[in-house]
Amino acid sequence: QTSHKSLYEPAAANCYLFNQFEQAGFRKHMLLNHDGVFGNMLQEIQQYGGLNVAPDANSPASTAWLGFDGSIIKDDYEVLNGWLTRHPHDANAPVALYYNTTSLHDGNHPPGTSSSNGSASQYGTRVKRLLSDLDRLITTLETQQRPTMLVFIPEHGAGSRGDRMQIPFMRENPSPAITLVPAAVRFVGLAKQPSPITIDQPTSYIDLAGLMRDAIAQDPYRNNSVTAATLAASITSTPYVSGNEAVTVVRYSDDYYLHYQGGAWANYRYQ
Numbered sequence: 003q004t005s006h007k008s009l010y011e012p013a014a015a016n017c018y019l020f021n022q023f024e025q026a027g028f029r030k031h032m033l034l035n036h037d038g039v040f041g042n043m044l045q046e047i048q049q050y051g052g053l054n055v056a057p058d059a060n061s062p063a064s065t066a067w068l069g070f071d072g073s074i075i076k077d078d079y080e081v082l083n084g085w086l087t088r089h090p091h092d093a094n095a096p097v098a099l100y101y102n103t104t105s106l107h108d109g110n111h112p113p114g115t116s117s118s119n120g121s122a123s124q125y126g127t128r129v130k131r132l133l134s135d136l137d138r139l140i141t142t143l144e145t146q147q148r149p150t151m152l153v154f155i156p157e158h159g160a161g162s163r164g165d166r167m168q169i170p171f172m173r174e175n176p177s178p179a180i181t182l183v184p185a186a187v188r189f190v191g192l193a194k195q196p197s198p199i200t201i202d203q204p205t206s207y208i209d210l211a212g213l214m215r216d217a218i219a220q221d222p223y224r225n226n227s228v229t230a231a232t233l234a235a236s237i238t239s240t241p242y243v244s245g246n247e248a249v250t251v252v253r254y255s256d257d258y259y260l261h262y263q264g265g266a267w268a269n270y271r272y273q
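Per my numbering, numbering through the sequence shown is continuous, rising by one, with the last residue being 273.
A couple of the hints might just be wrong.
When the alpha-carbon atoms are kept at most 35 Å apart in a straight line, the in silico DSBU-like pairs for lysine-lysine are as follows [said to hold, decoys possible]: (1) K7 <-> K194; (2) K194 <-> K30; (3) K30 <-> K7; (4) K194 <-> K130; (5) K30 <-> K130.
Please keep in mind that the hints were generated in silico from the structure rather than gathered at the bench.
Can you build the whole structure from these sequences, using the hints too?
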């Protein structure tokens, strides 16, 4: 996979996922449930993610949380349902929507409270609300008979429990507890809803991109011989390597090893 440093360097046009969607006939859209200001999030998506479009409006969705900086974070379901209302399904004009939510970010808190007042203790509440909103979204898509491939990819884990080398909610080391996160794909609107398929081995963004490519090329909505199982069969196991600006963690045999920039490799004893 691309190194952390290379993520912020120019790449060939065909390396950008949404460029590929556009070439396949999809209209590109972006939607956020926040303002995208902190960390230049919006600017970096546009500049480094190859998604050079303005975000669609997320109003009039209500405020669900406030960020640690007091910025507004809107209700996920209301934002997404509002977008669906403003963009009716058109089989002749497919859409690739990138949606970014910060509902689970550390420091979020209910309006009228302080960011230092129990953000960590409310993490479970925020997870349940987000999952409930996503479940409502799926029900809405099914009710509208809107064929949709939903792809859920967390940026990273919260590190809510910590480990022997890192306190809870600290993410300086890209440990397995933080970087081995569950991703999910849901095909909404198939003639026959498939049984859940579990991939219980480490995989990568590259495999998920390949899955999306195959789904577009083979189109399970028009070709009944293409199933979720046949698409999932192409997913391969990826050796575990995670990294950030200064730290790399790899798995070798049954152990994890950590390397600080300029230092020596050491066993990562996280349990």
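Structure-based check of all given hints:
Between K7 and K194 the CA atoms are separated by roughly 43 Å; this puts the pair beyond 35 Å, and the hint is violated. With a CA separation close to 28 Å, the supplied pair K194 and K30 stays within the 35 Å bound. Using a Cα cut-off of 35 Å, the hinted pair K30 and K7 holds, with the two alpha carbons roughly 26 Å apart. For the suggested pair K194 and K130, the alpha carbons sit about 28 Å apart, so the restraint of at most 35 Å is met.
Restraint check: the Cα-Cα separation between K30 and K130 comes to about 29 Å, which is no more than 35 Å; the hinted pair holds.
In summary, the one numbered hint that this structure violates is 1.
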